[in-house]
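S.K.: Listed below are the residues making up each chain.
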Amino acid sequence: MGIALQPYTEDRTPAVMAFNERLAQGGCPPEFRFPESPTPHWLPKREGLPLFQEYYLATENDFVRGGFILKYQDFAICGQNHRVVYYHLPLSEGIVNRAYATTGALMLRGALKMQPMLFALGMGGFDNPLPTMLKAMGWSLFAVPFYFRVNHPARFLQNIAALRSSFSRIVLSNMAAATGTGWVGIKVAQWMRSVSSVRDIAIEPVNSFGRWADELWRTCAPVYAMIGSRESSVLNCLYPPGVNFLAIKVLRSSQAVGWAVLLDTQMHDNKYFGNLRVGTLVDCLAVPENAPAVIQAACDFLTRRGVDLIICNHSQAAWGKAFRSSGFFSGPSNFIFAASEPLAQQLDPISGWQNEIFFMRGDGDGPVNL
Amino acid sequence: MSSPLLDRVRGIAADVLEVPITQVTPDSSPETLETWDSVHHLNLVLALEQEFNLQFEPEEIDQLDNVGEIVTVISRKQNVAS
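Protein chains in written order, with our numbering: chain A, 396 to 765; chain B, 1015 to 1096.
By construction, these hints were calculated from the structure, which means they are not laboratory data.
These numbers were taken from a predicted model, which means no experiment stands behind them.
One thing to keep in mind: the hints can contain errors.
[As the list claims (entries may be wrong)] Derived DEER-like restraints, expressed as beta-carbon distance ranges: (1) B:LEU1068 / A:PRO445: 35 to 41 Å; (2) B:LEU1068 / A:ASP469: 52 to 58 Å; (3) B:ARG1022 / A:LEU444: 47 to 53 Å.
[To be verified] Computed, partial: chain A to chain B, Cβ under 10 Å: (4) ALA399; (5) ALA453; (6) ASN492; (7) THR498; (8) ALA531.
By construction, the Cβ of each residue, glycine as well, lies at the ideal position given by its N, Cα and C atoms.
Take these sequences, add in the hints, and give me the full structure.
M.R.: Shown next, in the form of structure tokens:
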């Protein structure tokens, strides 16, 4: 067949548009389209910027038969800096034309050859084609735990029950087991789970991240088995002012002990959240001992704004414990982390590394759909 | 086309694609075998690599688009290796 992998260049844009049209005509959902510009709208490669994306195409002569995106960024692995690459949006014509069933495997192998230290994130659940292929390739996969806290139980129950999805059934079933019935049960259960309120913290909304964030990063980076760089230069790229993100600095005795990036989103007929107003803890940083302070600050901030529900995905065990002791329940997660074999080999010396790496919705391609 | 190599490849393909070996011919491809989708193609590649103790380059994976071509590529790699 003669398919080759190459960087996406401007002259290929008409072929990419034709590829997307074939995906559409083949019934592919609208979110499965490749960007129709070689320059990423989000995180383009620019001089001096610490993280960036690049687009690659699988081409067959003048035709585009597939594509994928690589996001390059620095990670601290056991305190040492490593460049690790996020593999995402792999799209193959094989989705709609069986003659190109070979293209997906070609792209995955090609990406690994270019960048052995790869990870994938999200993917909508273990049973989807990409995580299935990654598992077959020997990648290490696990679900990043999902936590939620209900501020307005009546609205929550009304919206979640109406969805009648497998997600909502599991959520309600878990909660019924934990709380008994109804909103009184939820309120009591959350109160009981909130082991202790953190005192003496102050919240300061911020428009940007500065030296204080770099000092926090230097303190936190060696603590976690693997964590994406959260230096101020990275954070100012990921969470620029003027977008939907709400950033807060968390202080104790006037010292910054952590920060959080939040979203406050009114959902409309969302398949998971119905019409709830959802607050999301997208990203954050603190040493584990200060996790309760950051979580409480984020919850206080979002609750004052009037959200019905607060959600978060977080992979690290100490943070999970802090969420549970802050009144959060665990829910089903389809947010999957996958590490390539070379990346997992870097982590294997750490016993139970899956519980010690730090990944949230802000990692990967960001908090899409939130 | 008839050879021990072809028979080994047919056996692996039948096993991975979960079809009777009688349905696997040199012309069998993703377009003729219902179960030969992207995921099964990757599984087939991995099974062939394990069976024949070799690794396919990304561009070779694309060439493995029917059973006959698989035999050709493996034969070429084995000849190069020896």
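S.K.: For each hint, tell me whether it holds in the structure or not.
M.R.: Verification of the supplied hints:
At about 39 Å, the beta-carbon gap between LEU1068 of chain B and PRO445 of chain A stays in the expected band of 35 to 41 Å. Take LEU1068 of chain B and ASP469 of chain A: their Cβ atoms lie about 35 Å apart, and the range 52 to 58 Å is violated. Under the hint 47 to 53 Å, the C-beta atoms of ARG1022 of chain B and LEU444 of chain A, about 51 Å apart, fit the expected range. Interface restraint check for ALA399 of chain A: the shortest CB-CB distance to chain B comes to about 7 Å, inside 10 Å, so the restraint holds.
Because the smallest distance between the Cβ of ALA453 of chain A and any Cβ of chain B comes to about 8 Å, under 10 Å, the interface hint for this residue holds. For ASN492 of chain A, the shortest C-beta to C-beta distance to chain B is roughly 9 Å, which falls under 10 Å, so the interface hint holds. Interface hint at THR498 of chain A: satisfied, since its Cβ lies 7 Å from the closest Cβ of chain B, which is below the 10 Å cut-off. For ALA531 of chain A, the interface hint holds, the least distance from its beta-carbon to any beta-carbon of chain B being 6 Å, beneath 10 Å.
In this structure, the one hint that does not hold is number 2.
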